[in-house]
Amino acid sequence: MTTLAARPRKKHYGKGSLTVATWVVAILFVFPLLWMILTAFKQEADAYTDPPKLLFSPTFDQISNVLSGGFLPYLSNSAFVTILSTALVLLFGVPAAYALSLAPVKGTSNALGFFLSTKMLPIVAAIIPLYIISQNSELLDTVWALVILYTSMNLPLAIWMMRSFFLEVPHEMIEAGRIDGANLPTLLRKIIMPVVAPGIAATALICVIFSWTEFFYAVNLTAARAGTVPVFLVGFITSEGLYWAQLSAAALLASLPVMIVGWIAQNHLVRGLSMGAVK
Amino acid sequence: MSTLSVDTPKSHAHAKAEEKRGLSTAAKRRLPLLPALIFVIAVTQLPFLLTVFYSFQSWNLVRPGSRHFVGLDNYIDVFSDATFLVALLNTVVLTVVCVLVALLLGLGLAILLDRKFFGRGVVRTLLITPFLILPAAGALLWKTTMFDPTYGLLHFVFGTDLDWLSEFPLAAVMAQIVWQWTPFMMLLILAGLQSQSKEVLEAASVDGAGRWRTFVSITLPHLSRFLQLATLLGAIYIVNSFDAIFLMTQGGPGTASTNLPYYIYQRAFEGFDVGQSSAMGVIVVILTMIVATFALRLMFRTFSVSGGVK
Chain Z
1 MTTLAARPRK KHYGKGSLTV ATWVVAILFV FPLLWMILTA FKQEADAYTD
51 PPKLLFSPTF DQISNVLSGG FLPYLSNSAF VTILSTALVL LFGVPAAYAL
101 SLAPVKGTSN ALGFFLSTKM LPIVAAIIPL YIISQNSELL DTVWALVILY
151 TSMNLPLAIW MMRSFFLEVP HEMIEAGRID GANLPTLLRK IIMPVVAPGI
201 AATALICVIF SWTEFFYAVN LTAARAGTVP VFLVGFITSE GLYWAQLSAA
251 ALLASLPVMI VGWIAQNHLV RGLSMGAVK
Chain X
280 MSTLSVDTPK SHAHAKAEEK RGLSTAAKRR LPLLPALIFV IAVTQLPFLL
330 TVFYSFQSWN LVRPGSRHFV GLDNYIDVFS DATFLVALLN TVVLTVVCVL
380 VALLLGLGLA ILLDRKFFGR GVVRTLLITP FLILPAAGAL LWKTTMFDPT
430 YGLLHFVFGT DLDWLSEFPL AAVMAQIVWQ WTPFMMLLIL AGLQSQSKEV
480 LEAASVDGAG RWRTFVSITL PHLSRFLQLA TLLGAIYIVN SFDAIFLMTQ
530 GGPGTASTNL PYYIYQRAFE GFDVGQSSAM GVIVVILTMI VATFALRLMF
580 RTFSVSGGVK
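The listed protein sequences derive, respectively, from chains Z and X. First residue of the first sequence? That's 1 in my numbering, and the numbers climb one at a time after it. First residue of the second sequence? That's 280 in my numbering, and the numbers climb one at a time after it.
If we strip away everything but chain Z, and leave its shape as in the complex, we get (with noise of 0.2 Å):
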């Protein structure tokens, strides 16, 4: 009787302390970004302390004088490079990503390979020319070289992803919609676009944060005109120790915007990142 009474409540128990600990690990395991959330909002005397200060006046001034400081252009470039590219990643991967999957031809396979396989390409084996190239071609520096860059950079695992959001369709959903005389636009207007719709903007999600946090070819490829947000950061790595406020103030705002699409986005980004692994 006693071991039947006492079972409930010390499973609660377990449960409750399980909830505590899971609590315990998250906030550690994100204190470096809640403390740079902290210091964004302190004056940069308040900023390095030993002991660290947790009890300060917040402040705007950091923010402030990040957006007069010259960020404003960098996060311009960021939106639109980011943007087109992924605009472009649509335009040419969601044909593609039908292609391999609901009308495949021989060779079907071996283009996905090759897809994945430039994936493993690592990017710095192709600086050197694409740096000589935008040269040539007067693109070094310009938003254009980084909107073909990520392009082609997301691309590849954008098939891959979208591929397996159409092959979710339902086969015999397009086979009785052909013999109902349905023509292509129409199939894909009312049967197969309304599947893989959440699919294709989980995998535009994906291309939104990985182009917008891209630095290797963004520090190499522009120098005045065309940087984004990761490359005004760089300032902050030769002014060390100095404005600690400033650079959390910076950091913040230039991680922002993805984070927000990230937080409300957040199922849609699971699906993307399993490929469409999950139902």
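Quick caveat, the hints were computed from the structure, so don't treat them as lab data. Beta carbons: idealized from backbone N, C-alpha and C, even for Gly. The reader is advised that the hints may include incorrect statements.
Unchecked claim - Below, in silico cross-link-like pairs of lysine-lysine (DSS-like), each with a Cα-Cα straight-line distance of 27 Å or less:
id, chain 1, residue 1, chain 2, residue 2
1, X, LYS307, Z, LYS106
2, Z, LYS190, X, LYS307
3, X, LYS307, X, LYS395
As the list claims (entries may be wrong) - Covered, in the sense of this in silico footprint (three residues per stretch, anywhere, with C-beta under 8 Å from a C-beta of chain Z), are these stretches of chain X:
id, stretch
4, 351-359
5, 424-435
6, 492-504
Fit chain X to the supplied structure of chain Z, relying on the hints for placement.
Then chain X, alone, in the frame of chain Z:
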């Protein structure tokens, strides 16, 4: 294997039917694929061919007129370059350790999240955020607020004046990369855990299987394709790590935290040595291809044999 395998029965049947219908339809069906294929070939393969071409030349941008054909000299130089070998070793260590640690931490966090509890949505949101902030921001953040010997949080917690970035540069960089990539692994594994069939888990518990036994015999095999995908994607991105090294240690002190992407960058953009850096690029590609073909295939086979999942 199913997520990565391309030879689904459906596509085979389709391809066969296609053959019968004749070339014109096949060509028409290939049409939507062409723009993407041509674009990717033009932007990724042509530059690489140029890299191969440059790698046979002695060409330094600061010495005009220095460009001439030297055959395999660059390759010989690269392999006798001690820094290259250090960078190669660092790259291997960094990739293997970061992928494994991030995978294990991600698995742990995913298991913690795979149940109903108070504030679960908030905790998940918190945990994915390191993946969403700029790696460049994360690197600078760790360099300053975590590792600073006087004002850093690690100094405050451990009470030492240790300068982490010069004492343990590679480990410090790896800590940041693991922090950045753990949420990615966690999300993927969580997706796998949540796609488990509840009936199977209940059946196991009815049969008297304990938690550990259920995890090893049912959950782990089910997760194998998610773990493969996480390993593959994580490895592809982590092997190219550049941000953290560039911003935290500049490859130093000395060459202690130099990896191949950073070393090639140095030879190309600080040494202006087109020939040598191209040769290194080609070697990196060949090594990556060898690893990708053999190691990944081996790993996938081990997974699907031990897991019994196809």
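So, going through the hints one by one against the coordinates:
Restraint check for X:LYS307 and Z:LYS106: satisfied, since their Cα atoms lie roughly 12 Å apart, inside the 27 Å limit. Distance hint between Z:LYS190 and X:LYS307 is fulfilled; the C-alpha atoms sit about 22 Å from each other, no more than 27 Å. Distance hint between X:LYS307 and X:LYS395 is unfulfilled; the C-alpha atoms sit about 50 Å from each other, more than 27 Å. Under a criterion of three residues with beta carbons nearer than 8 Å to beta carbons of chain Z, the stated coverage of the stretch 351-359 of chain X fails, only 0 such residues being counted.
For the stretch 424-435 of chain X, the stated coverage by chain Z holds: 8 residues have a C-beta nearer than 8 Å to a C-beta of that chain, and at least 3 were required. Evaluation of the coverage hint for the stretch 492-504 of chain X: breached, as 1 residues show C-beta separations to chain Z shorter than 8 Å, against a requirement of three.
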